[in-house]
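Participant: Protein chains in written order, with my numbering: chain A, 1 to 305; chain B, 1001 to 1305; chain C, 2001 to 2305; chain D, 3001 to 3305.
Some hints could be false.
Said to hold, decoys possible - These stretches of chain B come out as covered by chain A in the derived footprint (C-beta under 8 Å, 3 or more residues):
(1) 1024-1035
(2) 1040-1052
(3) 1133-1143
(4) 1159-1171
(5) 1247-1253
As the list claims (entries may be wrong) - Straight-line Cα separation of at most 27 Å, DSS-like style, residue types lysine-lysine; simulated pairs:
(6) K2252/C to K3273/D
(7) K1195/B to K14/A
(8) K2273/C to K3195/D
(9) K3059/D to K3075/D
(10) K2289/C to K2018/C
(11) K2014/C to K3195/D
(12) K3018/D to K3075/D
(13) K3014/D to K2195/C
(14) K2018/C to K59/A
(15) K195/A to K1195/B
(16) K2289/C to K2059/C
(17) K1195/B to K3059/D
(18) K252/A to K1018/B
(19) K2018/C to K3059/D
(20) K2081/C to K2065/C
Hints are computed from structural coordinates only; laboratory data are not their basis.
All of these numbers come straight from a predicted model, not from anything done at the bench.
All residues carry an ideal CB built from backbone N, CA and C; glycine is no exception.
Number of protein chains: 4
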Amino acid sequence: MNPAVKSAAEYAAKRGMKPYVVEWGLRGLIEGWIHEVTGERLSGILHRGGTVLGSSRSKRFFDIKFREQAFQNLKERGISKLIVVGGDGSFNALNQFYADFGVPFAGIPATIDNDIAGTDYCLGVDTALNVIRQSVDSIRDTASSFSRAFVIETMGRHCGYLAMTSALATGAEVCLVPEIPYDLDSIAERMREEKAHGRNYLLGIVAEGVGMGESLTRWMGDALGMDARLTVLGHVQRGGSPTVYDRIMAFKFAVAAVDALQAGDTNRVITFKDGTFGSSSINEIADSKHAVDPNLIRLCENLSR
Amino acid sequence: MNPAVKSAAEYAAKRGMKPYVVEWGLRGLIEGWIHEVTGERLSGILHRGGTVLGSSRSKRFFDIKFREQAFQNLKERGISKLIVVGGDGSFNALNQFYADFGVPFAGIPATIDNDIAGTDYCLGVDTALNVIRQSVDSIRDTASSFSRAFVIETMGRHCGYLAMTSALATGAEVCLVPEIPYDLDSIAERMREEKAHGRNYLLGIVAEGVGMGESLTRWMGDALGMDARLTVLGHVQRGGSPTVYDRIMAFKFAVAAVDALQAGDTNRVITFKDGTFGSSSINEIADSKHAVDPNLIRLCENLSR
Amino acid sequence: MNPAVKSAAEYAAKRGMKPYVVEWGLRGLIEGWIHEVTGERLSGILHRGGTVLGSSRSKRFFDIKFREQAFQNLKERGISKLIVVGGDGSFNALNQFYADFGVPFAGIPATIDNDIAGTDYCLGVDTALNVIRQSVDSIRDTASSFSRAFVIETMGRHCGYLAMTSALATGAEVCLVPEIPYDLDSIAERMREEKAHGRNYLLGIVAEGVGMGESLTRWMGDALGMDARLTVLGHVQRGGSPTVYDRIMAFKFAVAAVDALQAGDTNRVITFKDGTFGSSSINEIADSKHAVDPNLIRLCENLSR
Amino acid sequence: MNPAVKSAAEYAAKRGMKPYVVEWGLRGLIEGWIHEVTGERLSGILHRGGTVLGSSRSKRFFDIKFREQAFQNLKERGISKLIVVGGDGSFNALNQFYADFGVPFAGIPATIDNDIAGTDYCLGVDTALNVIRQSVDSIRDTASSFSRAFVIETMGRHCGYLAMTSALATGAEVCLVPEIPYDLDSIAERMREEKAHGRNYLLGIVAEGVGMGESLTRWMGDALGMDARLTVLGHVQRGGSPTVYDRIMAFKFAVAAVDALQAGDTNRVITFKDGTFGSSSINEIADSKHAVDPNLIRLCENLSR
């Protein structure tokens, strides 16, 4: 998120706007934790994980009274447009804020799960994938040294993007995701055959949303007779210094967001689709369901059976 | 390169072909260092830097006598198509080989400089960029702690892609590349102004091909009165475990190469352009010059003056 | 483990011995998976995690019949001394083997938990600590960005060394280990006070053996009213390229082991105590209990209450 | 350095002292950039490379007038003791300051070169070694893939500690340091022999102070007929997040420094010798010459000939 904030502020200034940052998200809007951007505040943040501005959920923002207070905070400072980096929750909150007070905004999609409709990419995904990769590569060393089976659970409640991409990138033998029905019997047969040909270890990657982490691990022990272990990667996936891809994408998303606001657009989420930046209205995004690239699903089908 | 080799072999096998690997490149073709692919040979290589097959330049391949020998090696094993991972040199060598003996081939572009005409991406570039990023982020720590100026020289003889992308991703203040004329006086003025506003350190990134590493460093000391140092990143940029992006791209390039050969194409280099995979003939590539994305150049112009 | 194997083989050769490697541990002894060391076999392994030789537990080794078979395998090859890298289980197995057949051995302690009596250091610990550090640093980014509490569970069944050292190295606020009685009420009070002074996030590190991961997380949510999450680092801790410290220690342990065998010692485990290498007999180790440095415990006491 | 600063401040507070930090070193003493320590100032710095306080050389400090000014700054704030993290230059400056105004100080040795007399360890060395290790491991991938020779130059003007330790830890074939006379003819013979036995690549590590980087590279090309390249690691070695070993050592050095000051010691540098913390007077350090562990030298002698 830091590269997006820095890029948006710098590009907005270059386009003649006067950028501010809001600390702690919606809560900061209400509390008035809003600061004009100075060089020092955004210096040295490009390579830091997390967000130096802080992020928070705010139930109070559902209350018109506090949204009114947030609007006053903006008005006092002469702030007329907003950029928000986040997911559906943040976008909907600002959509309501626009309905109330007419403050235009542009959304930059940033969720680790890569599950926002209308865009192929959400900020943070490449960084998360490379954290997962390093963990899985490292677990592979252990698995092959000790002839073990490992199940690794990645984030992804409704969307298997992280799990599928990691499975391809690390050469996992099994991958279970919400998008693909799995067949354990068929997996067992495939594994027995590979074991007969010399395979001595096994890596399975499971998206959190499938809820199969523990039972797949147990099943590998029982059905395949292997010493099997589960690793839940958890919040390690969320951190780490942003990769180059994420920083460059953050820059491009930020430029598109500033340009959209200057062009008079509002209530739009910046999207990256088939290699091109564009935008979708909040309503389009709300009405449609995020769908993972069917090619990716096709490639992973043979890891689910 | 390892992910490309593994993906190509596995996908070719799935498509009903019988894959072989050639060790040590053209030299291995001549010497007959050619092995049928077994699971074990390509197991556990996805995460390794460099290439487990080895790479070499071979002057003998310019001699028809040795190309004839290479052809016999293929014929004996019933090998009828080739995939080569590399740059212009490798592609031209196989083009000649095709002219001599009619063995079709497909090329997968892989150069750190990202300088092959017709494709936006060459394998290895994302990995190199992230190695550079970590070095520059780390040097930034030193620069800001000690109030110093640092010049960092990246690879890139004729192409400033690595330097420009790294400069954007790490927030460098100065960037010199072959594609953009630079103006040191104007840079000096910009830096003096930033120093007056509190800037206490300075990062400059220079592509090797500009040949300005040492003189820019000296100039920063002289014109700006800063304690300035040069770091030439050198071959550290070539190594490291492939990033997820590189592994997935390797997979896609490999699939496209196998598909192209099965479709009867020959003498073509697989390309990735505007988000889509395609291919160019060797002649098209030889005739055209690689051009960096003009948007990237535009973004870096203000770092060159 | 790889640096230990390579160092031992090279140093033994230099001392005029003829080194062999046994693949897959005790199982390899029984099966005769024993190979004379060639340069190629141990080349390029220093930087690889896990062990290229493979490791296994073997129940058959408890049976004198299979130990007899193992002894024949050694005899045939003229192998008269053994070095084993591992923990108590491996040492005891070879101790029995010595009682049976009089084959002297030296043990090199290598357990992630750092829990072998008589030595301050077991190979692999520094590497594991740095893997933990990177995960905790990364989780701290998330914790401070989102105002959350995180509990991180490290390995360590009976020994809190990893958890205590990580807690000190990453500045965790809470640390629970088997060696120190904890007081949740007192921790809660300390945290409430810090929150009153501006603390907005919280990191707790718990050794696996305390069994408090889930309940501490729940308690942080309940008692402190924070959004709290648990991360179980699991087998990620076991992998990764060995650190410099581990490689140098592996070298020194290996040299000490070869020297001990050449000096006619047997049934001894090489130890590193108060900065000096020495050795203990298996019986001494079996009779004593591993004790963590009392200074380390004292430093962590105030993180447990 | 950050872990040392944080540890010293926290431990001093625990011992009933009131800690301050001085920004930008000696210059900050003169300018009065001195701040009472608050939790926020030193929060989240343990994992950051460089120093958040800033460091600087100050010629003015040689002038009694400015030292007088520095003394007034301390007096005004009631500061009566100093801890300095650095090398001989900083220690001597504070020694003079003590001679002038009687302000006691304790020095914590922190130089990448590990070249301060009287101590086996200087802060930052383990972090630097692991940065070097990752670079060399990565270059090894390239070297073995392309059959090349690489010379890697590490820091170390008068002291070969970094180069020797890295050479052992990465398995380099050649190592040149100021402490050991080298014999290129004998190296050439050794390499020719290894090439005859299948060696296809070569890594040499050279300490900066030997001044042989470029000529060794050329010589490898000429005498051994290999494609040889030089990489000067440069300031990449200075950065990076501190390793666990460095953080724990920083903590222990800081505790020893605070304890020494409380015990009434002055003008002493904290040392770590043969596994034990102690201290040396500035004069002892000035009079003696730093000597690298003779065992380390003995181990590297066969890499120099």
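Participant: None of the hints should be skipped; say for each whether it holds.
Facilitator: Here is how each hint holds up against the structure:
Three residues within the 8 Å Cβ limit are the bar, and the stretch 1024-1035 of chain B against chain A gives 0, so the coverage statement is violated. Counting residues of the stretch 1040-1052 of chain B whose CB lies closer than 8 Å to any CB of chain A gives 4, which reaches the minimum of 3, so the coverage claim holds. With 4 residues having a beta carbon nearer than 8 Å to a beta carbon of chain A, the stretch 1133-1143 of chain B meets the requirement of three or more and the stated coverage holds. Counting residues of the stretch 1159-1171 of chain B whose C-beta sits closer than 8 Å to any C-beta of chain A gives 6, which meets the bar of three, so the coverage hint holds.
Only residues whose C-beta sits within less than 8 Å of a C-beta in chain A count toward coverage, and the stretch 1247-1253 of chain B has 3 of them, enough to reach three; the restraint holds. Of the supplied pair hints, the one linking K2252/C and K3273/D holds, its CA atoms being roughly 18 Å apart against a limit of 27 Å. For the hint pairing K1195/B with K14/A, the CA-to-CA distance comes to about 19 Å; that is within 27 Å, so the pair holds. The suggested pairing of K2273/C with K3195/D is violated, with an alpha-carbon distance near 41 Å, which exceeds 27 Å.
Pair hint K3059/D plus K3075/D holds up; C-alpha atoms about 22 Å apart against a cutoff of 27 Å. Of the supplied pair hints, the one linking K2289/C and K2018/C is violated, its CA atoms being roughly 36 Å apart against a limit of 27 Å. Straight-line distance between C-alpha atoms of K2014/C and K3195/D comes to about 19 Å, which keeps the hinted pair within the 27 Å bound. A hinted pair counts as satisfied when its Cα atoms are at most 27 Å apart, and K3018/D with K3075/D qualifies at roughly 14 Å.
Restraint check: the Cα-Cα separation between K3014/D and K2195/C comes to about 19 Å, which is no more than 27 Å; the hinted pair holds. Only pairs whose Cα atoms come within 27 Å are accepted, and K2018/C paired with K59/A is rejected, the gap being roughly 72 Å. Taking the CA atoms of K195/A and K1195/B, the gap is near 65 Å; set against the 27 Å cutoff, the hint is violated. Proximity of K2289/C to K2059/C is assessed by CA-CA distance (about 25 Å); at most 27 Å being required, the pair is judged to hold.
Taking the CA atoms of K1195/B and K3059/D, the gap is about 21 Å. The hint holds against a cut of 27 Å. Taken as a hint, the K252/A and K1018/B pair is broken in the structure, with Cα atoms around 43 Å apart against an allowance of 27 Å. Only pairs whose Cα atoms come within 27 Å are accepted, and K2018/C paired with K3059/D is rejected, the gap being roughly 61 Å. Distance hint between K2081/C and K2065/C is fulfilled; the C-alpha atoms sit about 20 Å from each other, no more than 27 Å.
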